[in-house]
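> The primary structure of each chain is shown beneath.
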Amino acid sequence: MITLSFEGGQPVEPSSIVLEMRHITKTFPGVVALDDVNLSVRADTVHAICGENGAGKSTLMRILSGVYPHGSYDGEIIFEDKAVAFNSIRQSEEAGIAIIHQELALIPELSVTENIFLGNEVTGRGGVIDWIEARSRAIDLLDRVGLNVDPDTAIKNLGVGQQQLIEIAKALSKNVRLLILDEPTSALNEDDSANLLNILRGLKAKGLTSIMISHKLNEIAAIADAITVIRDGKVVEDFPVTAGLVDEDRIIRDMVGRDLESRFPAHSPKIGDVFFEVRGWTVEHPLIPGKLICDRESFYVRRGEIVGFAGLIGAGRTELARSLFGRTLGTWLQGQILIDGKEVTLPDVKSAIDNGLAYCPEDRKVQGLNLLDDLKRTITSAGIARITRRGVIDLDTESSLAEKYRQMLRIRATSVDVGVNTLSGGNQQKVVLAKWMFTEPDLAILDEPTRGIDVGAKYEIYGLIDQLADEGKGVIMISSELPELLGVCDRIYTVFEGRITSMTNAADATQESLMRQMTDTADQATNQPGRLS
Amino acid sequence: MKAISQILGGNLRQYGMVFALVLLIVFFQWRTGGRMVTPTNMMNLLNGNAFILVLAIGMLFVIITGQIDLACGSVAACVGICVALSIKEGSAWWWVGMPVGAVVGLGVGVAAGKSVLRRHSDAKSRAIMAGVAVGLVVGAGVGLAVCMLVQAFGIPWWGGLIIGLGAGAIIGAWQGAWLAFIGVPGFITTLAGQMLFRGVYQWIGKAQSIGVPKQIQYIGGGYLPAWGPHTGLNNSTLLLGVTAIVVLTVMELRRRTKLARASMPVPPLWATISRLLLLVVVIGYLTYLFGSGPVTTSFPVTGLILVVLIIIYNFISNRTTLGRGVYAVGGNRIAAGLTGINTKKIYFLAMANMSLMAAVGAILYLGRARSTGPSDGTGWELDAIAAVFIGGAAVSGGVGTVFGCIVGGLVMATLNSGLYLMGVGDDMMDIIKGLVLLVAVGIDLYSKAQGKPSIIGTLQRGLQLRRKDISDTTQGVVETASEQAGTDEGSTLIALQGTHQR
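Line by line, the protein sequences give chains A and B. Heads up, the first sequence is in this note's numbering, so the first residue is 1 and it goes up one at a time. Heads up, the second sequence is in this note's numbering, so the first residue is 1 and it goes up one at a time.
Honestly, the hints are just simulated from the structure, not real lab data. Every residue gets a Cβ at the ideal spot worked out from N, C-alpha and C, and that includes glycine. Wrong hints could be hidden among the right ones.
To be verified - If you want a taste of the chain A side facing chain B, the calculated C-beta under 8 Å gives, among others:
1) 132
2) 345
3) 349
4) 355
5) 359
6) 369
7) 382
8) 384
9) 388
10) 399
11) 401
12) 404
To be verified - The calculated label-pair distances, taken between Cβ atoms and stated as ranges, are:
13) A/385 x B/428: 52 to 62 Å
14) B/255 x A/88: 55 to 65 Å
15) A/350 x B/37: 46 to 56 Å
16) A/273 x B/246: 57 to 67 Å
17) A/396 x B/379: 54 to 64 Å
Using the sequences provided together with the hints, build the complete structure.
Written out as structure tokens, the structure reads:
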């Protein structure tokens with residue numbers, strides 16, 4: 001008979017409060033990430049935490065698991081009726097709390113057994129690893145998570161779903177009584193997700209409490225016993241539910257319920273004809289054959305129009321953008337790009353730039369900037385042909401043009417000779433924008449252009465986007481912030497799992513309607529938007 | 001501080017090591033009782049280290065891309081033996097006509113194909129076919145002719161040079177292809193190359209010591225001719241010095257007018273004049289130094305070749321899209337790719353160029369040594385790497401200048417020469433050189449970790465801070481902070497991608 005053991009702590013009475021986080025406040029310099037958050041989790045339940053990206057869910061979980069050490073936040077944590085103060089993940093694990101991050105922390109080359117006991121090895125006398133004992137315990141743990149694999153298999157040979165279960169087995173091996181799962185199904189397909197939820201349900205029946213962060217409302221509805229909604233670092237609502245009988249609309253309202261105010265510059269669009277069109281765009285995942293990251297996506301952009309792409313993180317919006325921009329991600333299978341009605345092929349970045357495309361990547365430090373470079377060379381790097389004759393760069397023209405763009409975008413720097421690494425995040429983002437505006441594109445694809453920058457800088461960037469549109473260019477804006485899309489865009493597509501699920505004029509859309517299209521797992525095939533004909 | 005910066009040209013960063021070099025020279029001049037800075041010793045220093053400096057130029061570009069070349073010493077040895085042997089054995093090397101023919105054929109074919117394509121853009125495959133056909137015929141003809149000429153008359157000294165440079169380019173292409181197109185890291189590719197080409201060298205050379213003709217000896221160890229009226233200096237050197245001063249002055253003045261025309265800020269007149277004065281003094285002194293040696297000597301030929309290469313590669317690194325590409329790839333390969341830079345091409349060219357430079361270095365060395373020897377090329381790559389890193393390049397790539405790597409090479413050369421003059425033994429010399437390399441790079445990395453641009457950049461730091469607007473600083477702090485909060489959950493997509501890649 002398989003039971004969870006409780007050697008490490010005191011036995012917990014059913015349905016009593018196992019975890020209480022009281023008045024948790026966490027500030028980063030200048031920003032309040034969590035503001036007086038209270039969270040109570042009852043024993044033997046699955047407690048779901050919902051919220052938009054950046055609402056503070058992960059911060060809360062990092063405090064709970066000791067990633068942010070005690071003392072770096074205000075408030076107290078009571079676990080199993082004892083006040084606890086974790087300074088590291090190790091301490092929280094010893095107390096019986098384990099976190100499984102979205103990014104799995106398994107070593108691909110090591111076996112299942114080795115991974116399960118990594119850092120927590122089964123040792124005999126003198127610290128020597130007892131592999132026989134370890135293996136038999138691994139078999140037992142695999143059984144508990146319903147996984148039928150050879151414990152000697154290397155992790156790299158397992159699917160993502162199986163790896164997720166190994167992570168859970170690893171947590172169970174540490175006598176965990178509270179399991180935190182951060183977006184556990186975001187990388188899984190539907191079968192694996194359903195399987196994972198089943199396993200969680202089974203473990204719950206055997207006395208494992210879990211906290212689950214998820215964007216997928218249907219999954220929350222299927223499994224959660226209680227829901228806490230966090231928005232802007234505050235708890236908006238906290239209510240028990242009966243699994244299977246959850247009002248998804250209520251969660252959506254709670255998640256997005258903030259008003260738009262005057263966070264966006266006034267803009268009256270001057271929309272022209274369709275000039276950029278994509279038909280039946282289908283792209284395969286670069287590493288997983290058969291998995292489509294873009295599935296027959298069709299859309300169009302008109303001159304002077306700002307088109308938003310809404311979707312959850314991982315929905316495939318970045319993949320779409322990068323596969324269009326010189327096929328820099330995934331394997332192109334089929335689909336056409338038409339510019340001014342003429343089909344073009346853009347097999348590499350250079351041809352994409354030459355055909356008037358620009359792509360501002362979502363992660364400016366990893367994908368957008370060479371942090372060793374100075375401002376002027378960064379601004380001119382993508383459109384270097386403008387200042388080059390026969391391979392020779394005109395340095396004086398470069399300086400004066402870069403200075404012109406610096407002033408135009410109001411980049412706060414003493415001169416164009418300073419290094420981009422000396423600039424603040426908002427200014428760096430403007431530099432990336434400047435770099436692509438310098439190429440004088442017809443279509444600018446902006447991937448999360450306001451991520452991680454403050455409200456003031458956001459306002460300026462919205463203004464620049466409006467300016468691009470007013471110059472008759474098309475703009476595609478990918479954003480995970482719905483208010484931003486509603487405030488800036490003229491038309492919005494929603495994307496879910498590599499498919500475009502709806503198209504609405506921004507004026508007709510609400511956050512609730514978009515969120516429904518972004519999260520809905522109902523049959524999408526019938527809801528394919530057509531192009532204007 | 002600002003004044004110095006304006007005179008020297010804005011960025012003080014690269015001058016710190018120059019300062020160290022000057023200190024070093026002064027130190028040795030004092031310790032050796034004036035034997036350090038003499039015309040003869042300076043000529044020896046230049047002649048004896050020019051090949052390392054040439055290698056360092058090649059190595060610089062490899063290191064800027066974030067790679068390393070461990071093979072260039074072996075490649076140089078290999079090229080050296082090819083040059084010496086092909087000239088000596090002459091007609092036995094008749095087969096070199098065939099690769100020459102192939103290269104010519106390829107060139108003609110591509111050119112012909114391109115010109116047809118330019119006129120008829122619809123005839124793609126046919127144009128290339130036609131071009132290749134034309135190229136084949138022309139190439140075969142040229143190849144055959146070269147074969148016959150070589151068999152009949154042997155290979156002249158300049159033929160040996162062409163063979164050497166060609167061999168360098170081919171070896172470079174080989175290494176570049178493994179790195180760029182197959183993706184074997186440069187470290188592995190060139191570690192293999194180090195063994196491979198050392199072996200080839202021994203296989204071809206069969207442990208012989210082969211002499212080279214006097215023309216090649218002139219390239220590696222010769223002096224410019226003496227002519228004209230008696231000026232007390234070598235007139236060739238004098239001409240060089242005067243030309244350099246005139247050219248630099250004209251360039252400086254033209255730049256001023258150009259800046260004024262483009263209504264850009266023009267540096268103050270006093271700065272330009274001081275700058276020019278400084279140039280005149282430095283070049284004038286060097287002219288005097290190299291011109292006043294023994295009768296048959298002058299500024300060495302190797303020095304001239306080196307100066308030409310420095311000018312060319314400095315231009316490439318600063319003024320061409322190719323140079324920009326090298327820095328971009330080294331600084332952030334992903335961002336460079338998304339900016340439209342062909343990263344594979346950059347890796348290929350950097351690696352190929354390194355072996356070409358190894359070939360040039362081999363020829364300079366061979367000329368000075370007058371014959372091949374068993375230890376040719378041993379450890380050269382390490383000297384070149386040391387020069388580049390002392391010159392301020394970063395191990396992780398993206399940073400480095402031609403000027404810096406030459407200064408770095410000169411620091412090593414000065415150490416060699418000065419310690420030798422002081423009578424320090426080889427053992428001590430190696431210990432000191434090792435420590436200098438370690439300390440120089442160590443200080444550089446330490447100051448970078450402190451958020452300063454580099455060891456040399458620390459000089460500049462006080463200046464920057466004062467200039468910075470206080471409100472701007474505050475703004476920066478707030479934005480960085482909010483960014484940290486934002487990445488909290490914003491990083492989830494990266495995390496997701498990480499999961500996918502498993």
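> Against each hint, give a clear statement of whether it holds in the structure.
Taking the hints in turn, this is what the structure says about them:
Contact between residue 132 of chain A and chain B, as hinted, is not supported at the beta carbon level, the nearest pair being about 29 Å apart and thus beyond 8 Å. Violation of the interface hint for residue 345 of chain A is found here, the shortest Cβ-Cβ separation to chain B being roughly 14 Å, above the 8 Å cut-off. The interface hint given for residue 349 of chain A is met, as the beta carbon of that residue sits about 4 Å from the closest beta carbon of chain B, less than 8 Å. Given hint, residue 355 of chain A at the interface with chain B, is violated; its Cβ is 11 Å from that chain's nearest Cβ, farther than 8 Å.
For residue 359 of chain A, the suggested interface contact is upheld, since its CB lies about 7 Å from the closest CB of chain B, less than 8 Å. The interface hint given for residue 369 of chain A holds, since its Cβ lies 6 Å from the closest Cβ of chain B, which is under the 8 Å cut-off. For the restraint placing residue 382 of chain A at the interface with chain B, the shortest Cβ-Cβ distance is roughly 5 Å, inside the 8 Å limit, so the hint holds. For residue 384 of chain A, the suggested interface contact is upheld, since its CB lies about 5 Å from the closest CB of chain B, less than 8 Å.
Annotation: interface hint on residue 388 of chain A holds; nearest CB of chain B at approximately 6 Å, less than 8 Å. Contact between residue 399 of chain A and chain B, as hinted, is supported at the beta carbon level, the nearest pair being about 6 Å apart and thus within 8 Å. For residue 401 of chain A, the suggested interface contact is broken, since its CB lies about 10 Å from the closest CB of chain B, more than 8 Å. At its closest, the beta carbon of residue 404 of chain A sits 11 Å from a beta carbon of chain B; the interface hint therefore is violated under the 8 Å criterion.
For residue 385 of chain A and residue 428 of chain B, the Cβ-Cβ distance of about 54 Å falls inside the hinted range of 52 to 62 Å, so the restraint holds. For the hinted restraint 55 to 65 Å between residue 255 of chain B and residue 88 of chain A, the CB-CB distance of approximately 58 Å keeps it satisfied. The beta-carbon spacing between residue 350 of chain A and residue 37 of chain B, approximately 51 Å, falls within the hinted interval of 46 to 56 Å. The hinted window of 57 to 67 Å between residue 273 of chain A and residue 246 of chain B holds, with their beta carbons roughly 60 Å apart.
Between residue 396 of chain A and residue 379 of chain B the beta carbons are some 43 Å apart, a value that contradicts the proposed interval 54 to 64 Å.
In the structure shown, a violation is registered for the earlier hints numbered 1, 2, 4, 11, 12 and 17, in ascending order.
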